[in-house]
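If you read the protein sequences in the order shown, they are chains L and U.
Those letters in the first sequence? Residues 1 to 174, per our numbering, in order.
Those letters in the second sequence? Residues 1 to 174, per our numbering, in order.
Source of the hints: derived by calculation from the structure; they are not laboratory data.
It is possible that some hints are incorrect.
When chains are identical, the list treats them as one kind, so a pair holds in a single copy or across two.
With a cut-off of at most 20 Å between alpha-carbon atoms, the simulated EDC-like pairs for lysine to aspartate or glutamate come out as follows [to be verified]:
1. Lys112 <-> Asp126
2. Lys112 <-> Asp137
3. Lys3 <-> Asp27
4. Lys2 <-> Asp137
Protein chains: 2
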Amino acid sequence: MKKTIAIDMDGVIADIDTHYINWYERDYGIKLLPENIRGLTTDEAFGGATRKFVFTPGFFLTVPVMPGAVEALKTLSEIFDIYIVSAAVEFPQSLTEKLEWLNTNFPFITWKNIIFCGNKSIINTDFMIDDLIRNLDTFKGETLMFNSLFNYNHNHHRRVNNWQEVVEFFKDKA
Amino acid sequence: MKKTIAIDMDGVIADIDTHYINWYERDYGIKLLPENIRGLTTDEAFGGATRKFVFTPGFFLTVPVMPGAVEALKTLSEIFDIYIVSAAVEFPQSLTEKLEWLNTNFPFITWKNIIFCGNKSIINTDFMIDDLIRNLDTFKGETLMFNSLFNYNHNHHRRVNNWQEVVEFFKDKA
């Protein structure tokens, strides 16, 4: 039986940090530099603007794809059972947008392997790739922390900086 | 730590069999009797009409609540961590309808405890209540098969006939 990987969306296959920065510049005329907001919370960095963005129709539909994610997921899905696991239920309008975004950008991932949840504590796979500490902390399998501006100060999970590193990590894990 | 229960929607807390029968009578003028379609597949019983229904806007929003489900879930949620786990991703428009239906009928269940997935094989709770054999068969914890017209011929999971029996079962399981 293939080993299983739970893969997060925002901050992992969807480049939501860049999307926040772009929308913040568009709406407030301020171009934040990643190196200046690294290690802050999103509220500290964007003053609460992100909480408005995530409830704005179209926001989740237009997040840029994380560089290298499509190729990496294609490669991994040949050897592992991969599941997209996204904490989307908090933002009801995001559900259909996220599904459409996945169908557009990752058409090789079928609905059978997509999970939208409130929290990830009952997800049981062999591996989890996520950028949020609270998801990784409750996970029972092996964790990979995908590098983001907002997990910069946490180091109790294995950090991966990009999708090339993820593919490299999984080379001998099948 | 509280034990965890994964609870299905359709056929378990949502009385979808009755909903199918009502819509079938409304659209085709034929009133099917439960005792005449018991043990068939939904396609055998409704000739494919249900596949049209599940893609019809409003269908999932108007499913009647399963008798006794609200009171039972209130009781269980005091003692267990309960998660609503619904295989909804196959029908994209159902996602927001199902969320609205839950918020209306089960307002005490928060978004943190709601999971929409394609299949349930990576769900890890202590117990699962479901009417579909394929969900129960891949589950690693203890299973309860909620009685439905369409699982009539399966007997390799513990059958519960109604929500009173479920509450009774869980009395000494905390």
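TODO: Indicate which option fits the pair lysine 2, aspartate 137 if close means a Cα-Cα distance not exceeding 20 Å: within, between, both or neither.
DONE: Cα proximity of lysine 2 and aspartate 137: across copies only (18 Å, versus 24 Å in one copy).
Task: Up to 20 Å CA-CA - aspartate 137 versus lysine 112, copy category - done: So lysine 112 and aspartate 137 pass the 20 Å test across copies only (16 Å; inside, 26 Å).
Open item on the list: One pair to classify: lysine 3 and aspartate 27, alpha carbons no more than 20 Å apart. Within, between, both, or neither?
Closed with: Classified as neither; 43 Å inside a copy, 46 Å across copies.
Open item on the list: My question is about lysine 112 and aspartate 126: at a cut-off of 20 Å on alpha-carbon distance, are they close within one copy, between copies, both, or neither?
Closed with: Intra 18 Å, inter 22 Å, cutoff 20 Å: intra-copy only.
Consistency note: the structure conflicts with earlier hint 3 alone.
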